[in-house]
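Student: So the chains spell out like this:
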Amino acid sequence: MIEEIITSGRMNPEIDPVLHVWGWEIPLYLFLGGLSAGILIFSAYFSLRNRQDELPIAVKWMPLAVPFLIGIGLLALLMDLSHVLYAWQLFTNIRWESPMSWGAWTLMIITPLSIAWVAIWMEDIFPKWDWKFDEVRTAVNWLQKYRRIMAQVLILLSIILGMYTGILLSAFNARPFWNTSILGPLFLTSGLSASAALIAFFSKTEIEKRLFTRIDVILIGIELFMIVHLFMGHLAGTQVHIQAARMFLGGEYTVPFWTFVVGLGLLLPVSLELLELKHKFIPAIVPVVLIIAGNLALRFIVVSAGQASRWLY
Amino acid sequence: MRYAMAVDTRKCVGCNDCVVACQTENDVPVGHCRDWIVEVTTGTYPELQLEIRSERCNHCANAPCVRTCPTEASHYAAGGIVLVEESECIGCKACITSCPYDARFVHPEGYVDKCTFCAHRVEKGQDPACVSVCPTHAMVFGDLDDPNSEISKAMATRKWKSLIPEAGTDPKVFYLL
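Residue numbers (the numbering used here), protein chains in the order written: chain A, 818 to 1130; chain B, 121 to 297.
Since the hints were derived computationally from the structure, they do not count as laboratory data.
Beta carbons are placed, not taken as given, at the ideal position from N, Cα and C, and that holds for glycine.
Mixed in with the good hints there might be a few duds.
Between beta-carbon pairs, the in silico distance windows are [what the hints assert, rightly or not]:
(1) V160/B - A904/A: 13 to 21 Å
(2) T277/B - I1059/A: 31 to 39 Å
(3) W913/A - A276/B: 36 to 44 Å
(4) W905/A - W280/B: 41 to 49 Å
(5) V835/A - T161/B: 26 to 34 Å
Just some of the chain A residues that point at chain B, by a computed CB distance under 8 Å [as the list claims (entries may be wrong)]:
(6) I832
(7) P834
(8) M896
(9) S899
Okay, chain B solo, but in the shape it has when bound (with noise of 0.2 Å):
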């Protein structure tokens, strides 16, 4: 089982409803999010092209948090998931530095905290907070093992990216072109 996400580019408006389902699911405490908006213009006006995403972890198959947390407070979960445990972590940060997607915070409570892929959901069969609330429908996630699942096969007929896969970290969060 590896579970994964995609994004797609042409369909997701930037409406921010991923951020607040999660804020809202997972008790995200006020001014912190795990997951965000990003809108990327190219070109010389009037050619211009506008990228948005929604971006969180990218539970990393790979995962540098994972190999520098000096007390296994990150690691990795069924299907790939990378999680903290709270009473595992002293709180040294090592983890945020070593993100290259910035995905991690240190939450008022002294934890690092960041997106689970809403594994408490997860496990219930249930889709992350995030795809379930996309208007556009423009998230899909599920197992990549599985070639019947609808990321199996919206990565088979789709192009796709991931994001700095230059850095060796296996990313599990794809966009879809």
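With the rest of the complex left out, here is chain A (with noise of 0.2 Å):
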């Protein structure tokens, strides 16, 4: 048996004995990200194929939360930054190998077009509606006649949105749990599945209700798939990537993980949307509520593993 003892003279607090330097601002952030790529997905998806219509929670209501998720999600960000009056400089630079960058001018062009997209709208889903400026109603007029556009646009960008949340941890070699490129397919599956359970919970209609339960059974299929495929891919790695893996495979991850993403918030709420499909009574809020935490809890312990995972010299 071979022992080894490393002692470090160093002493530099958010970072020994284990990094800690983004707390709940990111996680929270990531869950907002995507789930906001989420919905703005599906509404555009769906008013590309004329259905706004018979899927109106979907197309034109949803979208009336996006500003305010993107909102609160920047607020977290901000409050991450530590030397955050000089936060403008992310737009004086376009940096190509920077995933933070990519995020920054992607919120930069998406939250405003999240704002005309939820205006398009408005006029629809509140009758009575008023602009009350003549030149807002020749704005959004002109608007709704690029409308097949912008939901084209908004589709790509929310993809990355909704992606580059993952991207953002996987491009750190430094913390190998996260160095894997399946982060940013599962995030984005996972905003996804979390924007569909959302909307078959408000939807009035056995149409809409019956089709958003469905899509978030098979996106959380993919979603369990895609976690066995993380594990599979870190234990085929380098013995840092086996270590990383290993701390959700008996180490102090295990429990959390397992219990609270995998269990209760994937296992449980997808059988009792399949028990819904067959008809059989299962009040709605459960299943969004877990679906909804068990987001969170993803995030929030991919980012705090990540963190704890690191090269051993």
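Hints in hand, dock the two standalone chains.
Tutor: Here it is in structure tokens:
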């Protein structure tokens, strides 16, 4: 047996003994960003298919929440910046290699675009809505003409937004647990699943409820598949990746991850949704709350575990 | 010009003089450090081996911190020294998470701070503060592109290693074995 004792004279708070520079702000933002992306993708996609009258919650109503969700997310992001008065520096550069730069520019475009997207549905959902100023009315009417192009751009940008929340983490080779490209698609799928669950919860018609419950069941299936692959990839990787995976396979993250993310956040709600599709009565609030909580737990655990995983030398 | 540093693990006694010199020279805030000492003991008693290393930012030629920085605050300066421009740093901490050596920290004023290879001294032709105070002359600093520099000679005549080269960072701090 070989013993190895490493002692370090270093003492930098937030780094020693384990890195913890990102607290609750980043995972909360990742969740809200993913959820906004999911809502916008469904809304834009089904409006392109001209199903806005059949699926009013998905296409017209849910986007109302997006500017608020992104707003809270941005606030959390700003709270995380330790040199926040210089945040404008994000927009003096385009850094192709930096996912954070991609994110900043995507948010810069998608935030006003999502407000414009809400605006073009306002008169549809609130028949008595009055824009008060002629200029606004003209602008919204003008936007209406470009609805299809807007929807296409929104889908593209929302996919970037949903993916980048995962890519942001996977770009860090220094943190082996994050260093897997499956995090991008996983976070995108999980954001889509949370928004599908919310749409199903708020929908008034049987068609919309069943459609989005079905979509959510498929998405959760894909998520479970990706989680299995995440660990397969790590276990087939280098020693540091194997160690990172072991934090979830017997290590400190085993119980929270498999209980709150996989058990209560994916397996239980997907079973309830399947029963619902078989016309069994399930209180609608239960699956949606479980899915949202599981979504949040996934991001909190992944952000924390990544910072706990490292190269050893 | 490619600046680099070599630490002789056979001469380093872990006295922490380099750490204190750096804190004094660069006015490093109390409770933080830009360089530090690592002691690694391997083996089974009584067959033990001890390696002492003075560690700092590796001024990587393929620096993940420069790649992940969204504002170009982290950048390569003359001779490949990796620096942080305080007035461009937003404090997002992406560079801290991207560094496999954990060489960076948040300065109490909000921007991210780390070893600069004492660029302000190097441009005047002086050695970094840590190198200049080392009582056992365990550290050499210089230009790898100059075959007559002390560091080029040390690297040519001694066995050496760098830290986690498999992370793909191309580090520029070497350890003589």
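Student: Decide, hint by hint, whether the structure agrees.
Tutor: Tested hints:
1. V160/B - A904/A: 13 to 21 Å: 40 Å, violated
2. T277/B - I1059/A: 31 to 39 Å: With Cβ atoms ~38 Å apart, the hint holds.
3. W913/A - A276/B: 36 to 44 Å: This hint holds: roughly 38 Å between Cβ atoms.
4. W905/A - W280/B: 41 to 49 Å: 44 Å, holds
5. V835/A - T161/B: 26 to 34 Å: 21 Å Cβ-Cβ, so the 26 to 34 Å window is violated.
6. I832: This interface hint holds because 5 Å falls under the 8 Å limit.
7. P834: 11 Å, violated
8. M896: M896/A check fails; min Cβ-Cβ to chain B is 11 Å, beyond 8 Å.
9. S899: Holds. Min distance 3 Å.
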